[in-house]
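J.: Residue strings, one per chain:
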Amino acid sequence: MDHSAGWRRASPAGGIAVLLLATGAAPAASAQGAAPPAPAPPPGIFGQATFPGKQRPPGDPAVIARGEALFGINCKACHGGDLRGGDLGGPNLLRSALVLGDQGGEAIVPVVQKGRPGTQGGPPMPAFPLSLADAQALSEYIHSVVGRKQNQGGPPPEPPKPLNILVGDAGRGQQYFATHCRECHAADGDLKGIATRIPNPASLQDSWVAGRRTGAPGAGAQPAPRTGVSVTLNTGATVQGTLRHLDDFTVSLVTAQGEYRSFTRQGAQAVGAVEVQDPLQQHRNLLTRYSDQDMHDVTAYLATLK
Amino acid sequence: MNIPSRSGSVRIRVATVLAACIAVTSGGRAADPAPALPPLLPPAQLLQPLGESWPTYSGDYSGRRYSSLHQVDRSTVAHLSLAWTTRLNGEVRDGQARSPFAPPSDLITSVGGEGKGDYAIPPPAVKGAVLQVDGVLYVTSPDNAWALDARSGAEIWHYFWRTRGGTHIASRGPALWNSSLFFETPDDYLVSLDARTGHENWHVQIAEFADEYFSTMAPVVVGNHLLVGTGNDSDAPGLLQSFDPATGALQWRRYMVPMSAKDPALATWPSLDAARHGGGQVWMPGSYDPQTDLYITGTGNPTPGYTGVARKGDNLYTCSLVAVRVATGEIAWYYQTSPHDTHDWDSAQTPILFDGTIDGKPRKLVSTAARNGYFFTLDRVTGEHLTTYRFGTTANWSRGTRPNGQPDPNPDKSATIPGSLVSPFEGGVTNYQAAAFNPDTGLFYTHENTGFNILYLTDPDPRGSMGLGGKRFSIVGYTGNAFQAIDYRTGKAVWRHVWPGNGGTGTGVLTTATGLVFTGDTNGNFVAMDAADGRLLWHTGIGNISAPPETYALDGQQYVLASVGDTLYSFVLN
Numbered sequence: 285m286d287h288s289a290g291w292r293r294a295s296p297a298g299g300i301a302v303l304l305l306a307t308g309a310a311p312a313a314s315a316q317g318a319a320p321p322a323p324a325p326p327p328g329i330f331g332q333a334t335f336p337g338k339q340r341p342p343g344d345p346a347v348i349a350r351g352e353a354l355f356g357i358n359c360k361a362c363h364g365g366d367l368r369g370g371d372l373g374g375p376n377l378l379r380s381a382l383v384l385g386d387q388g389g390e391a392i393v394p395v396v397q398k399g400r401p402g403t404q405g406g407p408p409m410p411a412f413p414l415s416l417a418d419a420q421a422l423s424e425y426i427h428s429v430v431g432r433k434q435n436q437g438g439p440p441p442e443p444p445k446p447l448n449i450l451v452g453d454a455g456r457g458q459q460y461f462a463t464h465c466r467e468c469h470a471a472d473g474d475l476k477g478i479a480t481r482i483p484n485p486a487s488l489q490d491s492w493v494a495g496r497r498t499g500a501p502g503a504g505a506q507p508a509p510r511t512g513v514s515v516t517l518n519t520g521a522t523v524q525g526t527l528r529h530l531d532d533f534t535v536s537l538v539t540a541q542g543e544y545r546s547f548t549r550q551g552a553q554a555v556g557a558v559e560v561q562d563p564l565q566q567h568r569n570l571l572t573r574y575s576d577q578d579m580h581d582v583t584a585y586l587a588t589l590k
Numbered sequence: 091m092n093i094p095s096r097s098g099s100v101r102i103r104v105a106t107v108l109a110a111c112i113a114v115t116s117g118g119r120a121a122d123p124a125p126a127l128p129p130l131l132p133p134a135q136l137l138q139p140l141g142e143s144w145p146t147y148s149g150d151y152s153g154r155r156y157s158s159l160h161q162v163d164r165s166t167v168a169h170l171s172l173a174w175t176t177r178l179n180g181e182v183r184d185g186q187a188r189s190p191f192a193p194p195s196d197l198i199t200s201v202g203g204e205g206k207g208d209y210a211i212p213p214p215a216v217k218g219a220v221l222q223v224d225g226v227l228y229v230t231s232p233d234n235a236w237a238l239d240a241r242s243g244a245e246i247w248h249y250f251w252r253t254r255g256g257t258h259i260a261s262r263g264p265a266l267w268n269s270s271l272f273f274e275t276p277d278d279y280l281v282s283l284d285a286r287t288g289h290e291n292w293h294v295q296i297a298e299f300a301d302e303y304f305s306t307m308a309p310v311v312v313g314n315h316l317l318v319g320t321g322n323d324s325d326a327p328g329l330l331q332s333f334d335p336a337t338g339a340l341q342w343r344r345y346m347v348p349m350s351a352k353d354p355a356l357a358t359w360p361s362l363d364a365a366r367h368g369g370g371q372v373w374m375p376g377s378y379d380p381q382t383d384l385y386i387t388g389t390g391n392p393t394p395g396y397t398g399v400a401r402k403g404d405n406l407y408t409c410s411l412v413a414v415r416v417a418t419g420e421i422a423w424y425y426q427t428s429p430h431d432t433h434d435w436d437s438a439q440t441p442i443l444f445d446g447t448i449d450g451k452p453r454k455l456v457s458t459a460a461r462n463g464y465f466f467t468l469d470r471v472t473g474e475h476l477t478t479y480r481f482g483t484t485a486n487w488s489r490g491t492r493p494n495g496q497p498d499p500n501p502d503k504s505a506t507i508p509g510s511l512v513s514p515f516e517g518g519v520t521n522y523q524a525a526a527f528n529p530d531t532g533l534f535y536t537h538e539n540t541g542f543n544i545l546y547l548t549d550p551d552p553r554g555s556m557g558l559g560g561k562r563f564s565i566v567g568y569t570g571n572a573f574q575a576i577d578y579r580t581g582k583a584v585w586r587h588v589w590p591g592n593g594g595t596g597t598g599v600l601t602t603a604t605g606l607v608f609t610g611d612t613n614g615n616f617v618a619m620d621a622a623d624g625r626l627l628w629h630t631g632i633g634n635i636s637a638p639p640e641t642y643a644l645d646g647q648q649y650v651l652a653s654v655g656d657t658l659y660s661f662v663l664n
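The listed protein sequences derive, respectively, from chains Z and P. Going by the working numbering, the first sequence opens with residue 285, and the numbers climb by one from there. Going by the working numbering, the second sequence opens with residue 91, and the numbers climb by one from there.
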């Protein structure tokens with residue numbers, strides 16, 4: 285992963301306009317005489333919103349609605365109701381180079397009206413006797429769906445599918461819990477009612493595996509547990525507190541009195557031992573030991589703690 | 091064929107265009123500067139051992155990032171101190187005074203591009219190579235290129251590209267051929283500049299923007315070939331291309347997935363349709379072996395990335411090392427480091443070429459540490475497999491290695507509806523960060539990032555999802571970051587330095603003939619280590635290093651260069 289934080293305008297206002305001669309790039313909107321579109325909002329972290337399929341101005345809703353109806357009648361059986369391909373072998377239109385390269389129906393309409401031989405080993409596309417206006421409405425509808433694709437090539441968002449993640453055995457999960465977790469956690473203590481506080485099983489699983497605080501009953505939300513540190517000074521004394529920073533060269537902490545302190549770990553004045561007390565160390569250790577079955581079993585068990 | 095688009099530029103259907111039909115979209119000026127000035131970097135010079143300049147992405151063709159400069163060594167490194175620092179300026183400047191108190195500047199940004207310039211783009215960030223030739227540094231960031239004085243950091247010229255859009259994730263750096271500087275843009279152009287002035291020579295489109303390609307790779311010059319890769323997350327085929335560095339004319343195109351029924355690699359895909367949407371992007375520079383004339387590159391993940399159900403099979407040539415003949419683009423050999431990947435773990439890392447000894451015999455070798463957590467050594471002439479080792483200490487997605495050394499994916503560790511606990515993270519044990527190899531120690535240096543996430547399948551559609559969709563992952567724990575010095579013969583770490591704390595991803599590596607390793611730790615320090623044992627010898631807390639460190643020499647002085655976002659730091663012995 286490579287994240288770029290922070291976005292800014294491309295240039296000081298007017299800088300580009302003064303300097304640049306047009307190169308013939310004419311966006312669809314201004315070519316049609318409409319007002320120039322407002323500056324695009326800053327794109328998402330991966331900038332996918334700036335690909336051509338999402339740069340199109342919104343089409344006429346009435347035309348798109350007619351195109352959608354025509355798609356249902358003529359196209360859905362082969363290309364799928366979501367345009368992602370169907371049982372009869374029609375290709376996924378949302379990643380079709382022909383669709384993505386089409387500007388205003390010039391590529392799509394002839395294929396709809398005249399058909400074409402099968403490509404890439406698929407079945408042939410039959411001709412559909414649609415009027416030019418109807419074939420173009422189909423094209424507008426297809427582009428409207430392409431425009432709803434998600435970042436990094438993901439398909440348009442759909443309502444979440446009801447997926448059952450509770451596949452584990454709660455009885456086995458209870459045994460696992462008794463062996464591995466009970467030293468720190470109790471079903472009738474900190475975890476009482478956890479399945480009520482976190483009703484979504486996937487969120488429950490994410491939380492317990494990561495060791496996130498979920499709030500004991502009546503205690504409200506609790507801050508995340510803090511990593512402690514104990515630093516042994518040259519004098520032999522120790523300073524303890526909440527860890528703020530640790531690398532090979534310095535260590536810093538905040539004491540129980542709220543005092544910030546930092547120490548060098550290099551050279552003649554280097555402190556001695558630096559012992560980190562990570563409240564999640566046991567969770568980290570278990571990560572390398574769970575099987576997926578163990579994890580699902582414990583989730584199934586915790587889901588019973590309502 | 092070329093299809094004129096409504097924008098007036100030349101559209102290139104990457105799947106169908108003929109090599110001869112590439113057209114230059116603007117300018118048309120010759121690539122060479124006025125004859126009075128000699129070429130800055132004749133391509134034959136790239137065959138010389140790495141010395142005082144840093145003329146390519148990795149310094150030289152081998153990818154070793156091994157410098158022969160010896161002023162900075164184990165004892166003097168403690169005296170390394172700042173020579174200069176400079177912050178890249180991405181503003182388009184027109185020479186006018188910017189305030190009543192400042193004199194007019196004679197620095198005028200050269201501007202090109204096919205867009206309108208109305209997109210917000212990320213601030214400058216150095217995430218790739220900075221070239222150093224004849225006292226000038228050449229730096230890129232998406233839509234920007236600069237020349238800086240390598241002695242002072244002072245800006246010499248700035249070029250700005252008005253984008254059409256696209257994924258502005260990084261620019262991995264420029265390439266230099268004679269006096270032309272090349273870089274790729276997120277909206278899929280290859281731009282040629284006059285390296286002395288920053289004025290544009292020409293630009294050509296290298297991939298179809300509508301198909302959601304975005305281009306970040308540092309081009310690679312081999313003789314009169316300019317090797318160019320591009321990126322895509324949206325089920326489009328990956329490709330490596332060679333262009334004429336003088337004119338921008340296409341010389342050949344090599345797809346990394348089967349594009350026709352004749353391709354024998356189609357046996358590793360269920361259908362031609364799946365293969366033609368199967369990814370395998372080429373987005374990092376490869377390495378080049380002049381003895382065999384082979385360009386060895388890594389390739390990216392197959393697509394759809396997380397849902398492999400509709401692309402059953404090994405999915406060649408995704409997640410592979412591929413040796414390509416530079417003259418023709420033919421594949422001489424390949425080795426797939428991650429068969430049927432379902433975790434977005436590209437194997438695009440720059441491979442490292444070196445000579446070594448295996449079982450008492452001298453061998454010509456190539457090694458790579460892949461994002462999936464496995465280290466490989468192969469014979470670079472034949473592609474024969476020699477070593478596989480799991481250097482990602484918690485990687486849990488393979489159920490064992492195949493007889494040819496390939497890790498065999500455990501299908502249970504793909505995204506599943508109830509969640510699978512997977513290590514490493516999506517970002518991998520390592521990623522694009524450049525590794526290094528030191529022939530004196532015989533060690534391969536790489537970061538190791540470890541941790542676990544739960545990977546949920548959210549779209550169980552039998553057709554698979556699209557792009558990187560259809561999944562959700564939840565990070566459930568970091569388990570530590572380290573730096574490894576790996577014995578190429580066994581893959582095992584001879585030493586391993588654990589970075590204190592959790593988080594961070596480390597950065598690229600530089601190693602020297604004086605027994606040093608330079609890299610960034612995961613806590614905002616630029617560090618020098620003893621290449622033999624990992625002892626920390628020097629550090630400076632300038633922030634998280636964003637580009638792999640480099641070194642160069644001028645006027646009898648050795649400089650060590652590091653970049654943190656938009657700021658460059660150059661260190662010398664004072």
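Rather than coming from a laboratory, the hints here were simulated on the basis of the structure. Here the structure is a predicted model, which is why all the values come from computation and not from measurement. Hints are not guaranteed to be accurate.
[To be verified] Cβ-Cβ distance ranges computed for the label pairs, FRET-style:
id	chain 1	residue 1	chain 2	residue 2	range
1	Z	Q565	P	L172	31 to 41 Å
2	P	E474	Z	G373	37 to 47 Å
3	P	P529	Z	G405	47 to 57 Å
4	Z	K590	P	G532	40 to 50 Å
5	Z	G520	P	R188	55 to 65 Å
Glycine included, every Cβ here is placed at the ideal spot set by N, Cα and C.
J.: Indicate, hint by hint, whether the structure satisfies it.
T.: Quick rundown of the hints versus the structure:
The given range of 31 to 41 Å is respected by Z/Q565 and P/L172, whose C-beta atoms sit roughly 39 Å from each other. Take P/E474 and Z/G373: their Cβ atoms lie about 41 Å apart, and the range 37 to 47 Å holds. Our hint of 47 to 57 Å for P/P529 and Z/G405 holds, since their Cβ atoms are close to 49 Å apart. About 60 Å separates the C-beta atoms of Z/K590 and P/G532, a value inconsistent with the hinted range of 40 to 50 Å.
Range check, Z/G520 to P/R188: Cβ separation about 59 Å, and the 55 to 65 Å hint holds.
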